[in-house]
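**Q** Sequence:
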Amino acid sequence: MLVKVLIGLLISCPLLLIVISLLSSADGVFHKILADVPALLERISFSDGLGRILWIILLGMGLFGFAQGFADPKHYDWSVPPLDGEPVREPFTFSIDPVIVTTILVSINTVYVLFVSVQFSYLFGAWDGVLPEGSTYADYARSGFFELILVTAINFAILLLSLLSVGEVKKTLKKIINVLLYTLVLCSMVMLYSAYSRLALYEEAYGYTYIRFLVHAFMIFLGLLLVIAAVRISRVNFPLAKCYIVLGLLAYVLMNYIGMDGIIAGRNMERYEASGKLDAAYLSGLSWGAVPKLIEFSKKEDGLLDQNLRDKWQSNTIAEQEWPSFNISKYRAQQALEQYFAE
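Taking the numbering used here, the leading residue of the sequence shown gets -2, the next gets one more, and so forth.
Hints listed in this document are in silico derivations from the structure and should not be mistaken for laboratory results.
Built from N, CA and C at the ideal position, the CB exists for glycine as well.
Each hint should be verified, as a subset may be incorrect.
Lysine-lysine pairs mimicking DSSO-like chemistry, simulated, CA-CA at most 30 angstroms apart [said to hold, decoys possible]: (1) 274 x 296; (2) 297 x 309; (3) 1 x 172; (4) 167 x 239; (5) 290 x 274; (6) 309 x 290; (7) 274 x 239; (8) 274 x 309; (9) 327 x 296; (10) 167 x 1; (11) 327 x 274; (12) 239 x 171; (13) 172 x 274; (14) 309 x 327; (15) 239 x 168; (16) 168 x 1; (17) 327 x 297; (18) 239 x 290; (19) 309 x 296; (20) 1 x 171.
Now the in silico label distances, taken between C-beta atoms and shown as ranges [as the list claims (entries may be wrong)]: (21) 244 x 273: 35 to 41 angstroms; (22) 51 x 214: 42 to 48 angstroms; (23) 249 x 270: 48 to 54 angstroms; (24) 244 x 329: 30 to 36 angstroms; (25) 326 x 167: 32 to 38 angstroms; (26) 282 x 161: 40 to 46 angstroms; (27) 214 x 307: 28 to 34 angstroms; (28) 1 x 244: 32 to 38 angstroms.
Go ahead and model the full structure; you've got the sequences and the hints to work with.
**A** What follows is the structure, given as structure tokens:
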């Protein structure tokens, strides 16, 4: 048991270094708490002997396994049925000992619970004017977004690995692992929502673009993947792979038919009404699907986008379009532009 716990801690160490580094970059208060840790560690002297001991343990385990393969080699022919009375040999399957998985989850969840509890007072408070001390809205919107997304992706990988690689588990240990996995999912959802709100705040300040829209969609997709994985935690026979394939296909179809350009144009128009800021050049560069909304907006705002729409219309006339590349959205948009400027 002790050996398995030590193995779990060794596996957790690089994960914790990556996760703690990302979370400290994402949150100033969490970073401040961690900044006090080196002061405590300065009292402890780590000599070169510690590194040598770690190398001895790792190399010793590797050499022992290598030598054991020569001392007791095993060759199996899976096509030959076992003899009478001979135990049935199962093909190799990848699995991780449940004690090792439990140790890794406890280590990771300890950091996540601390992170969420420390910053929970202002994690969702930016919309009400509550920000970390010394932070502006722009700083809050930019800082930590990509770090939180990366940590959520790491958590998703850990979750899948734990679900698909744990072998036979006793009932009590199984319940403990399930609780730890649910905690991991909950913390991941909190981080994902935090990143989502930061990006939304950033869009309000700097406008809506293709890449920001797609990142929003990816975060929603990742959240749905986490929810489906949470269902699989307690239901062993749940068809996780099939659900992911169906969800992936639905997401692909939805992104192709949702009218992304029209949504981006609409959101930028709402931002203009609230703040008076508008990137006319970017809006005119959207696809033809956004033209009807741009025409309607330009009418409402006394021809604010007329020059941009005229340039777009004159540079892509219907006569220049050949039939193999006919596009219904482009055709309708050009017809609408022709009617608009004729009036």
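**Q** If a hint holds in the structure, say so; if it does not, say that too.
**A** Each hint tested on the structure:
1. 274 x 296: Roughly 17 angstroms between the alpha carbons, so the hint for residue 274 and residue 296 holds.
2. 297 x 309: Holds, because 19 angstroms separates the two Cα atoms, which is no more than 30 angstroms.
3. 1 x 172: Roughly 19 angstroms between the alpha carbons, so the hint for residue 1 and residue 172 holds.
4. 167 x 239: Between residue 167 and residue 239 the Cα gap is close to 27 angstroms, so the pair holds against 30 angstroms.
5. 290 x 274: With Cα atoms ~17 angstroms apart, residue 290 and residue 274 stay inside 30 angstroms; holds.
6. 309 x 290: The given pair, whose Cα atoms are some 14 angstroms apart, holds under the 30 angstroms limit.
7. 274 x 239: 45 angstroms, violated
8. 274 x 309: 21 angstroms, holds
9. 327 x 296: 20 angstroms, holds
10. 167 x 1: It holds: about 16 angstroms lies between the C-alpha atoms, which stays within 30 angstroms.
11. 327 x 274: 27 angstroms, holds
12. 239 x 171: Roughly 24 angstroms between the alpha carbons, so the hint for residue 239 and residue 171 holds.
13. 172 x 274: The hint is violated at about 54 angstroms.
14. 309 x 327: Between residue 309 and residue 327 the Cα gap is close to 11 angstroms, so the pair holds against 30 angstroms.
15. 239 x 168: Since the Cα atoms of residue 239 and residue 168 sit roughly 27 angstroms apart, the hinted pair holds (cutoff 30 angstroms).
16. 168 x 1: 19 angstroms, holds
17. 327 x 297: 23 angstroms, holds
18. 239 x 290: The given pair, whose Cα atoms are some 39 angstroms apart, is violated under the 30 angstroms limit.
19. 309 x 296: Judged against 30 angstroms, a Cα distance of about 16 angstroms means the pair holds.
20. 1 x 171: 16 angstroms, holds
21. 244 x 273: 35 to 41 angstroms: 40 angstroms, holds
22. 51 x 214: 42 to 48 angstroms: 43 angstroms, holds
23. 249 x 270: 48 to 54 angstroms: Violated, since residue 249 and residue 270 (Cβ atoms, about 33 angstroms apart) do not stay within the stated range.
24. 244 x 329: 30 to 36 angstroms: Hint holds: Cβ distance 32 angstroms, inside 30 to 36 angstroms.
25. 326 x 167: 32 to 38 angstroms: Once the Cβ atoms are compared, 59 angstroms apart, the range 32 to 38 angstroms for residue 167 and residue 326 is violated.
26. 282 x 161: 40 to 46 angstroms: 44 angstroms, holds
27. 214 x 307: 28 to 34 angstroms: Once the Cβ atoms are compared, 32 angstroms apart, the range 28 to 34 angstroms for residue 307 and residue 214 holds.
28. 1 x 244: 32 to 38 angstroms: 35 angstroms, holds
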